[in-house]
Amino acid sequence: MAQVLLKGSRLADFTPVSGHLYDEMSSAEGAPRPHYQGFSDWLKRTPVDQIAQKREEAERAFHRIGITFAVYGENGGTERLIPFDIVPRIIPASEWRTLERGLKQRVHALNLFLDDIYHDQSILKAGVIPPERVLANSQYRREMHGMDVPGGIYAHIAGVDIVRADEGAYYVLEDNLRVPSGVSYMLENRRMMMRLFPELFATRAIKPVEHYPDEVAVLTPGAHNSAYFEHAFLAQQMGVELVEGPDLFVQNETVYMRTTRGPRRVHVLYRRVDDDFLDPRAFRPDSMLGVPGLFAAYRAGRVTLANAIGTGVADDKSIYPFVPDMIRFYLTEEPILNNVPTWQLSREDDLRYCLEHLAELVVKEVRVAEREAFRGRIVAQPDKYIAQPTLALSTCPTFTASGLAPRHIDLRPYVLSGKSVNLVPGGLTRVALREGSLVVNSSQGGGTKDTWVMAH
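In the working numbering, the protein residues as written are 1 to 456.
Please keep in mind that the hints were generated in silico from the structure rather than gathered at the bench. Misleading hints may appear alongside valid ones.
What the hints assert, rightly or not - No more than 30 Å apart at the CA atoms, straight line, and that leaves these computed lysine-lysine pairs for DSSO-like:
id, residue 1, residue 2
1, Lys-125, Lys-104
2, Lys-384, Lys-317
3, Lys-419, Lys-317
4, Lys-384, Lys-54
5, Lys-419, Lys-125
6, Lys-104, Lys-419
7, Lys-44, Lys-54
8, Lys-317, Lys-104
9, Lys-317, Lys-125
Because the structure is a prediction, the values reported are computed rather than measured.
The task is simple: from the sequences and hints, build the whole structure.
In structure tokens:
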């Protein structure tokens with residue numbers, strides 16, 4: 001989609017999408033897609049200065065709230081506001097139904113996989129996944145073997161990264177099962193859009209963003225963590241305590257919180273601390289972030305952790321290619337959502353293809369000058385790498401200094417597992433703000449958008 005400049009007091013019409021990129025709002029001919037028609041009409045009749053004023057209001061509000069994230073560069077890390085774009089990503093109801101079915105299926109299979117590998121390991125015995133991919137994985141926690149977790153649910157909260165490629169199809173890019181981030185930005189984005197543009201919600205059937213259950217205390221590494229705002233926001237939203245390791249102690253395999261009125265028992269921890277740092281007695285002895293004895297209390301069933309210890313093996317890059325096979329093995333179903341095409345470099349043919357097309361594939365970020373050295377590392381240890389094509393991510397109109405312009409986006413829906421599996425309608429849309437960039441991560445300069453799911 002070519003850039004849309006500002007003309008007069010209102011936005012100019014869109015021009016067709018250039019090349020083969022899929023644009024969320026406009027067809028290749030430049031016409032608004034049906035689910036964007038109402039928003040497109042609103043854009044055309046709304047004065048530009050009014051929209052600009054609303055953008056400035058949003059920025060001031062986010063600044064007051066303190067929605068920040070650490071951005072890392074050559075000179076270290078700095079805190080900055082996460083840019084928020086006021087053009088929403090809109091998903092029609094029919095597409096969301098497919099995404100919802102596919103994500104529920106995928107996360108259900110991942111939870112069955114985690115329960116299996118920490119118990120009978122039937123998928124390994126059947127040869128569906130090479131045992132060394134799991135048992136030698138740094139995220140596999142032998143301490144969890146044979147341990148039953150409540151309801152067999154390991155990943156209570158999963159953030160699954162979805163991309164749409166040039167042909168318009170959705171693909172799963174990544175599963176995030178350890179400490180998936182971004183929920184607070186999703187909630188604040190919706191709150192801000194409803195505050196700035198209530199008329200858009202009054203006339204459209206947009207599904208509400210649901211909040212998390214409130215029977216949780218949030219365990220944070222502390223104020224110096226790059227996502228501390230999110231931890232504090234979630235605790236505030238849920239009306240629960242935000243705690244750090246020193247705020248808790250374990251006695252008789254029971255977790256307590258220190259309060260001015262004396263110890264108070266903690267039953268559930270929504271932990272935002274990595275496995276290694278949770279308990280210096282069980283894992284890293286130098287950890288100052290965790291709670292001594294927490295794992296013993298967890299193993300005794302005296303406290304529930306969301307997400308469970310050891311979930312990281314299921315979202316490891318080396319396991320990702322096998323998720324479709326998990327779905328077939330555990331559910332006897334075909335995957336509803338496809339993986340991004342992936343080459344496993346432990347396979348001779350895949351390794352040969354990767355080495356011949358290294359400049360065209362995503363293995364990891366390296367400079368051109370480093371490519372030969374990187375090639376040598378791949379040849380030496382091919383089982384440590386997978387390769388994927390560079391996808392032409394879909395674009396969505398985004399406000400820039402000179403008007404609306406296409407910017408690449410992805411989507412992170414949140415899947416909540418308990419007695420049933422539910423999705424938060426929409427999720428977090430991340431946007432690459434630099435022209436032509438595919439990097440949507442907030443830590444590397446990306447921004448966010450509100451995500452609307454149409455009710456019908």
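Results of checking the hints against the structure:
1. Straight-line distance between C-alpha atoms of Lys-125 and Lys-104 comes to about 26 Å, which keeps the hinted pair within the 30 Å bound.
2. Of the pairs offered as hints, the one joining Lys-384 and Lys-317 holds, with about 9 Å between alpha carbons and a cut-off of 30 Å not exceeded.
3. Distance check on the hinted pair: Lys-419 and Lys-317 sit about 28 Å apart at the alpha-carbon level, within 30 Å; holds.
4. This hinted pair does not check out: Lys-384 and Lys-54 have alpha carbons roughly 48 Å apart, beyond 30 Å.
5. For a cut-off of 30 Å, the pair hint linking Lys-419 to Lys-125 stands: about 29 Å separates their Cα positions.
6. For the proposed pair Lys-104 and Lys-419, the alpha carbon gap of about 13 Å is at most 30 Å, so the pair holds.
7. Taking the CA atoms of Lys-44 and Lys-54, the gap is about 16 Å. The hint holds against a cut of 30 Å.
8. With a CA separation close to 20 Å, the supplied pair Lys-317 and Lys-104 stays within the 30 Å bound.
9. A hinted pair counts as satisfied when its Cα atoms are at most 30 Å apart, and Lys-317 with Lys-125 qualifies at roughly 21 Å.
In the structure shown, a violation is registered for the earlier hint numbered 4 alone.
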